[in-house]
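Since chain P is already given, all that's left is putting chains D, R and Y on it; use the hints.
Number of protein chains: 4
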Amino acid sequence: MAYIDGYRLAESRVLDLAQPLRRGMPQPANHPPFRLVLDRRHGDYVRPDGSSDASEIVITGGHVGTHVDALGHVAQDGVLHGGIAAADAQGGQGLSAHGIEAFRPYVGRAVVLDVPRLYGVDVLPPGYEITAHDLSRAEALAGSDVRPGQAVLIATGWSRVWDQYDVFTGMRDGVPGPGPDAAHWLASRGVRIVGGETLVFERIAPGLGPAPLPVHRILLVEAGIHIVETMRLDELLDAGVGECLLMLAPLPIVGATGAPVRPLALIPE
Amino acid sequence: MAYIDGYRLAESRVLDLAQPLRRGMPQPANHPPFRLVLDRRHGDYVRPDGSSDASEIVITGGHVGTHVDALGHVAQDGVLHGGIAAADAQGGQGLSAHGIEAFRPYVGRAVVLDVPRLYGVDVLPPGYEITAHDLSRAEALAGSDVRPGQAVLIATGWSRVWDQYDVFTGMRDGVPGPGPDAAHWLASRGVRIVGGETLVFERIAPGLGPAPLPVHRILLVEAGIHIVETMRLDELLDAGVGECLLMLAPLPIVGATGAPVRPLALIPE
Amino acid sequence: MAYIDGYRLAESRVLDLAQPLRRGMPQPANHPPFRLVLDRRHGDYVRPDGSSDASEIVITGGHVGTHVDALGHVAQDGVLHGGIAAADAQGGQGLSAHGIEAFRPYVGRAVVLDVPRLYGVDVLPPGYEITAHDLSRAEALAGSDVRPGQAVLIATGWSRVWDQYDVFTGMRDGVPGPGPDAAHWLASRGVRIVGGETLVFERIAPGLGPAPLPVHRILLVEAGIHIVETMRLDELLDAGVGECLLMLAPLPIVGATGAPVRPLALIPE
Amino acid sequence: MAYIDGYRLAESRVLDLAQPLRRGMPQPANHPPFRLVLDRRHGDYVRPDGSSDASEIVITGGHVGTHVDALGHVAQDGVLHGGIAAADAQGGQGLSAHGIEAFRPYVGRAVVLDVPRLYGVDVLPPGYEITAHDLSRAEALAGSDVRPGQAVLIATGWSRVWDQYDVFTGMRDGVPGPGPDAAHWLASRGVRIVGGETLVFERIAPGLGPAPLPVHRILLVEAGIHIVETMRLDELLDAGVGECLLMLAPLPIVGATGAPVRPLALIPE
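Residue numbers (the numbering used here), protein chains in the order written: chain P, 1 to 269; chain D, 1 to 269; chain R, 1 to 269; chain Y, 1 to 269.
Chain P extracted, bound-state conformation:
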């Protein structure tokens, strides 16, 4: 009576783990600003039968809003995961290797590591560096073990400050996130997917600047682990569950270095 590690869907609640996409929302600098513009409005053209339609143009990026990083998003010394030369794998059609279309949609278990709860807070302080020790303790707290090939969601509580633009983007005070040893811990556990709530799955020190991205290098390049960023985990954290059923199907944009996604979680009602 297995059906995905014991979840009974009919008795489940579906949680939406994506942030809404709209102009002016927090997003990483340098990436194209999200913009929806109505291209045709009702009334611009009305058919003889009285019907009309409205439609839009959308401009965005692969790393804007809730999204999955393709393995080819980051290179180290010009080399992508698995030893592929980046220069050979990029072109006018995007990436020819390790693009997001190589990510097989995931429907499976995700462990929820609630780091803020370890410290009795809802939101980690800006600039806080999550350690491997934190992750171990959070795993124990979850009562659910992180398993190879599966997903792990690492809470900072940051989606609770989504509506505070300056805080969320951390331009002044920084952003909490994993440090290199946390990344090594994740790699050692053999997970396939890690997710977080911040714009960038890194610890960003106050004042940031052109920071290196060690966690991206360790996860994407060295370990071949996909990263999900800007997830909305607040409801999942409020529910106090140690694991959920995660559905993660990013848009299949051929050659993209990342793609928007609307992840869902199923938890017991």
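Treat the hints with care, since some could be wrong.
[What the hints assert, rightly or not] The following label-pair restraints were derived from C-beta to C-beta distances:
1) GLU222/P <-> VAL46/R: 29 to 37 Å
2) GLU222/P <-> PRO28/D: 26 to 34 Å
3) TYR119/P <-> ASP166/R: 35 to 43 Å
4) ASP173/R <-> ALA102/Y: 29 to 37 Å
5) ARG172/R <-> ASP77/P: 36 to 44 Å
6) ASP77/Y <-> MET171/P: 42 to 50 Å
7) PRO268/Y <-> GLY224/R: 24 to 32 Å
8) ALA205/D <-> PRO212/R: 50 to 58 Å
9) ALA140/R <-> GLU222/Y: 53 to 61 Å
10) ALA205/D <-> ASP49/R: 42 to 50 Å
[What the hints assert, rightly or not] Not close to chain D: a few residues of chain Y, all C-beta gaps over 12 Å, as computed:
11) PRO33
12) TYR45
13) ALA102
14) VAL121
15) GLY240
16) PRO268
Worth flagging that the hints you see were computed from the coordinates, not collected in a lab.
Please read all numbers here as calculations on a predicted model, not as lab measurements.
The beta carbon of each residue, even a glycine, is placed where N, CA and C say it ideally should be.
Chains D, R and Y only, in chain P's frame:
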């Protein structure tokens, strides 16, 4: 009453029901042509630690690729579903009512109505009009009944010709799809979601022209039923199942008249 | 021996009155951020004969960089210049009346009103309001009279601070510009075109906010005078001329509310 | 030696040499389709004083509509004009060498070579290859000699068929244009700028295909001569002048491989 009407996920297979997004793919004329452009390539900027990243800009539309129509996509005589005046519900931020963000992600049962199989073919002829009678017979063939509040996928086999641009777009010979009485049948069954494989969920006669969209009017405006277009159903049809577990979570673009989606189906292994 | 009021082109110097267009340059908030992205780079595709080409995609707005405002850019109480109802003149193809294509390219005389020089400065203080009295005195200083149907360039010296993003955009301290009585003075002189150096041809008070744009209303709606914004006048001001030959040919974007332009000035060598 | 080789501007007529920019106009395949979308319409937001404004987003390319090719647009064997390695001169900000910003606006003489008139026609046949001999004869016909450092406009009459989409784009029957020996003739005369009416300043044979662009290579890479494409020369040809005063100031898009332009011609009244 267990786990989504009897599906056992651990013994299931996940099918991807989205078409890949790439420049030059079939899409409705008038909507913004899909375009991925690498904005930053590996090597454009290399950090002192030797790491680099690549990222893109994406230009698309809400009705490009596999997508869900918001109820506000179509109006009749200037009025949206539920009697809302279209003129009052549209503006510089998109739709203020019946935008795609009003669509709650769906995780539930979908009945598969395999109309081509009724006629012993894999693909319906271009311009074929699916009737209510076809749908009734296909429901019987599915051995699974269409229920209120649920989803129904109506096959034309058209995703099998995705790679034949001229055929798929039907510029010359038309496209198979439901006629008005099929739409009324769907509305009478009280479904929440209908999905199809073609660019537009309508029968398009050869030579088309500025055709009316009666099925859109009946489903979106009159009945408040969401439409999923350009789905890739070929694998689902090959599997020969009469129903599946459908996961449908379009991008939550606030105010959009439609949004891209990567639907997944779970079927028994 | 007329040739444009006495200018001898062979003995002239051509000045470029446009600011360079690049990502991150100062531009009005709310308008689409300028972005150039190389779509194809050399090497992405090499023809059998060894040749390759590179090309780009450009995303911008009609009021981004040096540009001309179409008369239809602003409405008062829903009415455009000449009594046209704005609602009837806008649609999915842009403006059907008073779009920028209605602006006939201008090759003619422009008087230079050097307001900073009146006060013995190079740059007016942020938030300074230029008055009608300032314009009269600057006209006398120019030694060249403003004539009906011609152009007038009103200096603030602001293009000298183009490279100081925070100063130029004036988010904190404001921006110098004409007040309503200066606008009435311009209208009373019957000019066809007025140009300025700032993002918006208005006085912006410190702390701005959702300010009204009285000068736009007076010039565009009431008087039918086109406005050129974000001009680079520093070289022209350095030359100390009271007039020049202006060539002003905005891109002929049909239906646009404004369009980029690269104005040139000819002055004596 | 007065006023640009004898032109008297006050007694002159200004001709617009640009094609209008609008959605669906003829443009080279592969380049981003031109699109103007009203981002804000009158009424979307009305200020307390009753004023409103409308503005747009524009998506285009550097080689869309009437435009100037930067020298860096084409490379031969990976090398740009002057021996610069293309790989070193391109990046996330576009071209760092031979971008369009390196083109100094031109205000000067242009000789008009009316090739159709040589043959007693208004429009050259599709696929016709203009030869060096044609150019020599057309120069004699113009009664005006092509000089080093100046501009030459080479008519095909093609702007007369702008409104015939299939003809203008030449998908089936080809497009008239210069062959390699005409390009060598132009290079030998030391001109700075050559302009033409077609989408691509080349002879395109019927059925085209992935053609080489020999004229681009000779002019841009070998000779360092800028090319202006998709000019509207019909009025200039109707005027029957052998030369004009040309004003050519492409948008100063830093790093672009080409940029839109609205050229003007002055001819005697």
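**Report entry** Hint numbers contradicted by this structure
**Finding:** 2, 11, 12
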